[in-house]
Structure formats: structure tokens, C-alpha cells
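*Asks:* Residue-level listing of the chains:
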Amino acid sequence: MNTRLRNPFRIAVASVRNLLIVVALMITSIFGGIATVANAWQYQGWLWAYSSFYIADYGAGSMWPFMVSAANGYDSSTDLTQGSGGLITAQTNNQGPTGWVGGAAPFSYINGQYYSCVWWPSLVPIFGNCNGYDRKAVRADLYFNTYYPLPEGNYLARHEMGHVFGLAHESCSVYTVMKVPNCGNLPSALQSDEIGFINLYY
Amino acid sequence: MFTLNQRQHRNIKLLAILTLLLVQACARLPINSTAMLVPPPKNMVELTSKADIIVVGEVGEVIQQGYYGGYDAAGKLIPRTGEPDKPGSGIPFTDFGLKIERVLKDDGSIAAGQPVILRMTGHPTEEVRRLNADPQAEYPMTFPGDRHLFLLSKTPDNSAYGLYYGAWSRLIVDGDVVRVSSGAKEPLKFEGSEQLFSPAEFMNSIEQTVQQTSSGSR
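Going down the list, the sequences are from chains A and B.
Just so you know, the first sequence maps onto residues 0 to 201 in numbering that gives the first Met the number 0.
Just so you know, the second sequence maps onto residues 0 to 217 in numbering that gives the first Met the number 0.
Calculated directly from the structure, the hints in this document are not laboratory data.
Just so you know, these numbers come straight off a predicted model, no measurement behind them.
Incorrect hints may appear among the rest.
Within a straight-line C-alpha distance of at most 20 Å, the following computed EDC-like cross-link-like pairs (lysine to aspartate or glutamate) qualify [claimed, not checked]:
#1 B/K153 - B/D105
#2 B/K85 - A/D78
#3 B/K153 - B/D84
#4 B/K85 - A/D133
#5 B/K98 - B/E57
#6 A/K135 - B/E57
#7 B/K153 - B/E200
#8 B/K104 - B/E200
#9 B/K75 - B/E200
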């Protein structure tokens, strides 16, 4: 076969390969995997930079025992481990009539600078600051506002830590710690949905 | 042949870059907040009962902004002086003055001539203004010049007022129907009801509810 015939074939192969890479990136970046019955997770817009984490009491107050329990839960039920990696802090107190009960504020760290992954008060992702490839979250601050009645602590701590690791809110029909309190019937332990997401990415 | 090959590869690379840009654009589509927002009020009584004052007014200039770590047991604001927008710097807040046009409920402070200050989480920066425009943001930031019907709850330090129900405590009353000030600006409807409210009938209803609850609590 001469080069005239061989080169178009190679170009076609390269095109298909590049297209497949782009499609894979697209699926991973947007959906965090193809949703199935077993994996209905929603991707928050970033990933945690490490396969481990540690927690610190920054005035976690009444939520501290639940933070410890949640950290142990992620450690024992998923491929994430405790002890090193990035720091997750928690602060629990009266933060006033803010319109929100709790929130997670992760940060990426690029060229010596921290960048917030979210903007207040919506706490919606800033996609330029954090993502799943080169701008992963390395640190996170959690806030629990006791001005309002807090949801059950085991659920709440696991929910907010789920955001840190890249999980977004989930519909009420899925039994997961990532559904919102309005849904009711809130799990106090990690479920297959979030475990599946974490074990895929960490 | 070599030149053609190079051109083809350049085109493929360009296609890949364009597709990645499309990915970035698409990646903006699913808006997922990490905030656990306060559930909306079920009815008018629930909405108004959490408000100390209810006014129609315009957001004025920024009076102060900074970071805080909540309020202490005595209700005093705990200021944070960390590096802005960095881990551990605390919760950003902004105090705005409010220019009041109409009072529907007063805890006595308006009658006493005290200024009404709205305290919001966040800072009204140009970047936030750009991000705020997203219709999927559930709880956009306030900016000077915004006009709303505000249902305001006193902060623990008694120096300002906040929005108990977030976007549901900051209603849009400039159109035919009352709308919630979320990014989607959905018409206000209470749980289990399809009833929409015109601004005039909604404000009348608030005044009646306030009157009934205050006479009932006497």
C-alpha cells in the first residue's frame, strides 16, 4: 500500500480516536459517569485532589461528633481514607437569618493562590476556579447555621462532605445522603449511590 | 503528502479544541449549589411570621462589608480578619441601606426613624454580578438599585435584617404577578396551591395576615 492510501486511513483512525477521547472527557466532566439505576449521582463540577482527607474542629460545636462519624463513614465505606491529604473544617453556630442552613465552600490551589469553587450566597460552582482535572479542590470549609433548626446531624455532615468530594444534590427519588432535607426520609449512613461515585474517582 | 497530513492533523487538533470549548460551555449547564437552602414557606402565615418588618423598597449603597464567623452567645457579630476569599476567612457579608417606599409591618424601628439595613451573605462584586445572571442560580446576590418587597428578620446583634427564606423573603413586585427573586424568577405559589398573586392583592393579603396574627397574639 502506498502512502497516498495509507495516510487517509491513519487520519481516519486518529479522528475517531480523538473523537472518542473528547466524548469520554465530555461524559466524565459533565455527568461524572453515565447514570444508571445503580449510579444516579450528580456531579458537582469538581473533584477532590487527594484520595485522603482529614477534618479539623474550627468551632464545629454540636456538629463535631457528626463530622467525626461522617469522616469515619467515608473512611470505612469508600476508597477514601482519613489522616492526610486535604483539610476539611467545620464551623457550627448562629450565623443569622441568611436563607441557608448549611453549605460547603471548597477551594482549589493554583500557582500559590487559593480559588473559591463557589460564590455566595448561591454557593453555585465557579467553573473556571475548580474542575475535575487540573483545578481540583484541596481544602474545604463547611458551615452549619444554628439560627435554623438543623437536619439530622449524621445526614447533614455526610451531605456536606459529599459536596466536597464532588457530589451534587440528588433527586428525592434516590435514597442518598445527597438529597435535600425537603425530600424527607433522610439516610444517616452512606448509600450505594455516593459510595459508587467515590470509588470510581478515588 | 506530508503537507496534507500536517494540515489534516491541525484540523483534527482544532476540532478537538473546539469540542473541548463546547464541553466547557456545556459544563456550565447543570447548576448545582452546595448550599442547603431554607425550604420555602408553606403559606402566607409562615412567610410573614418570620419577618420583623415587611417593606417595599430599593437597595441603597453598601454601608459595610467584610467576613464574619457567626454571632456569639450574646448575639454579637464575630468579625473575621483573615485573608479575603481564602480558606478560613469566614463567611462574606455585606450591609446595604434600604430606601423604604411602603411599610407593611414594623417592629417599631421604622416608626422610631431608625435606618433599615439589609445584611446579605456574599459581596456584590462585578464577578458575582456576572455569575448572578444565571437563571439557574437559586439565590442570587443583592445589588444597589434592586427594588423588592422585603420580608426582613432581625439579625442576632439587632444591627441589621436578613432574609429568613432567602429568595422567598425578597420578592419581585414590579410585574403582573409576584415572583420569587431566584435566578428563574418563578411566580410565587404556596405549597399545594396554583394561586398566583398580583402585587396589590399580595400586599393586601400580607397586611390582613399581619393584622390577624398581631391581634391573635394579644
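*Asks:* Tell me, in ascending order, the numbers of any earlier hints that this structure violates.
*Replies:* 2, 3, 6, 7, 9
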